[in-house]
Amino acid sequence: MSNGSEFRTCPITGKKVFAATQNLVWINAVTAVVFILVGGIMALLVGLTRWPAVHLLSADLFYRFLTAHGLNMLVFWIVFFEIAGLYFGSSVLLNSRLAAPKVAWLAYLLMLVGAVLVDVMVFTGKATVMFSSYVPLQADPLYYLGIILFAVGALIGCAIFFGTLAIAKAEKTYEGSVPLVTFGLSAAAIIAVFTLACGAIIYIPTLLWSLGLITNLDPGVYRLIFWGFGHSSQQINVTAMVSVWYLLGALTVGAKPVNEKICRSAFLLYILFINLASEHHLLTDPTLSPYHKMANTSYFMYLAVLASMIHALAIPMCVEVAQRKKGYTKGLFEWLTKAPWGEPGFPALIFSLFIFGFIGGITGVVYGTEQLSIKTHNTWAMTGHFHGTVVGGTTLAFMGLTYYVIPLIFRREIIGKKIATLQPYIFAIGIILIALGMGGAGTLGSPRRHWDITFADAVIPFSFDPAVLFFTTIAAIGVIVAVVGGAMYVGVSVLSVFFGRKMAPNEAKML
Amino acid sequence: MPITSPEKYWWKPADKEEKLWITIALLWCLVLTIMMPLMHVIGTQNPSVNPMKIRTEDYRKMSDAFIEKYKVGEEGGIPIVEPPDGADVYLRGQMWTWTPILKLKKGVNYKFHISSTDLMHGFSLMPLVMNFQVVPGHDNILNMTPTSAGTFHILCNEFCGIGHHTMIGKIIVS
Ligand code: HEM
Ligand SMILES: [Cu+2]
Ligand SMILES: [Cu+2]
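In order, the protein sequence lines correspond to chains A and B. Residues in the first sequence are numbered consecutively from 842, following our numbering. Residues in the second sequence are numbered consecutively from 17, following our numbering.
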């Protein structure tokens, strides 16, 4: 390993890529892909079990694997990828060496050990508690320890990011303000610090409680602080995703933000308001007063929504302006029809934007109101909502970015470019079907986290409206399609990273 | 480029289109902000308005007393209870039953006390699809008036262990 001072110059962007940064981005991104593979296999098994026509797993394995799916996807895949993104966004985009690469490796190891510990506990059945692990449902102490190690590692990763920003500023590796993508990632990292603090506040007492050192841990308070952590993590994902949108716009059509002031102010709104909306998870809980819930989820939340609305204008706008500059000016939409649809980054950007906004975002705002939360709380509609945000939105954007990171940062040519191009389309169709199917079944009352919606073993007989089965089938078809799309992603990225042709130092080729 | 530093003076005024969009979005956010408290006041279906803590042991005693006092029968080992008009009704979530089965009257207001004596559960009233979180140590107090007769079921929609999917309760309204 290097002392952090060796670098090469990217033949396309002219950025300095330091060897230490490159290795750390590589290891974190590759690890992320391993976890999405684990999570994806779980998704298939869980999805097929929820479909009464197949009902694959036993109840025990279903609940275990569902816990594993939530953790491997929502936590391990996303956070490892984000840490890779933070190192890229600070060191590469600012032409700076990375602060303390050795400490960054320590952070990586902590996260890895934590994640493996959690997975071992979950797969051996010692932590079938869902990713939310609501007390008083108890897991093995090692499960909580694993989560804490992972979170500490991620927090150190954020510190490395801030350290790199400071070094870049001190060593004047850039002029003026930081690039917009780095600015957005800084917003994400700031939110991450608050989030991980909530995580520490709740997981440390929970660990002590599981060891028998604390006896009463109020389940209502647990839910409050847990969601300070669990919901805010989603805001890290949103903020990182929006940064990736700007990045994909630049990489695919050379889009440049039309008004930096507007884009940056919108990120500021995220930092200021988004954490406060966490209490919408508790709208039907008996722990908070209505005043509390309303203040928290109305104007605080809507100012964060406003930020998303601003990005929703700014991103298509900068794509349109860039395309029109290239001469695609016929009619209202030539800029869009002549866009690089045959290159994976562009459809990934557009579908991510569309699914996040129209499926994830709209359902989120609707379900987040006090009364409609009563109609949807803990139903499958909720699961549909967040597969629109964190899967169709964040995950798809990250997938699209991967196809550029491999040639630009890892200097390997993509193997299977056709499959890579098709992949965002397939994954997007799958997720749209999942979100619609889950939304439909959930609106009719189908519960989330449920092994048997035919209730065959229940003492009191009950059966759903047949429409629930129809929507469940749509979701199941979506599961299969999305898993195919996910497998294409994992296949292309793993093959390319390990077996792709090594690119010459001055080879200026993206895809 | 969003990957390079912007030109020196990037603090520029917004264009007409941008201003228009942001204004519309902001107004809509304000409408939503006002609607939230407004619906709470003029709407009739709200979540619990008086959060109450209760020791699980106390809650168990109160709900047992309620069952003993008004019990009228049993089904599959679960007591059937018919409380008088306007009574306080205790509905207990417990791995993996909703106890008791309730017989209620249409048009009568009941004060429900929903809680748990073990884990978290999810009260999900079917086929109306009304859902409330059931938290041990906290009393979810809801004023409910059945507006139609028939049989209603309560699913559990919070994971509560290996029998979670068998946890079904019943309310009969006449
Ligand atoms: C191939 C793609 C995917 C498919 C087919 C899929 C499918 C599913 C299914 C069927 C469930 C079970 C819902 C239930 O029974 O309540 C589920 C839950 C969940 N999924 Fe996914 N999913 C996918 C990708 C992802 C990704 C990428 C993430 C996160 C980044 C994610 C996060 C979650 C979470 C957090 C849950 C909830 C677990 C819980 O209730 O504890 N999924 N998913
Ligand atoms: Cu239950
Ligand atoms: Cu349950």
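Don't read these hints as lab results, they were simulated from the structure. The structure displayed is predicted, hence computed values, not measured ones. Where hints are given, some of them may not hold.
Said to hold, decoys possible - Here are the simulated DMTMM-like cross-link-like pairs (lysine to aspartate or glutamate), alpha carbons at most 20 Å apart as the crow flies:
no., chain 1, residue 1, chain 2, residue 2
1, A, K1102, B, D101
2, A, K1010, B, D134
3, B, K121, B, D101
4, A, K1013, B, E23
5, B, K24, A, E1016
6, A, K1102, B, D134
7, B, K28, A, D1059
8, A, K856, B, E23
9, A, K1097, B, D101
10, A, K1102, B, E33
11, B, K119, B, D104
12, A, K1102, B, E34
13, B, K119, B, E84
14, A, K1097, B, D31
15, B, K122, B, D134
16, A, K967, B, D134
17, B, K69, A, E1161
18, A, K1097, B, E23
19, B, K32, A, E1161
20, B, K24, A, E1012
21, B, K85, B, E73
22, B, K35, A, E1161
23, B, K127, B, E91
24, A, K1097, B, E98
25, A, K1166, B, D101
26, A, K1102, A, E1012
27, A, K1166, B, D31
Exercise. Report the numbers of all earlier hints that the structure fails to satisfy, in ascending order.
Key: 1, 2, 6, 7, 9, 15, 17, 23, 24, 25, 26
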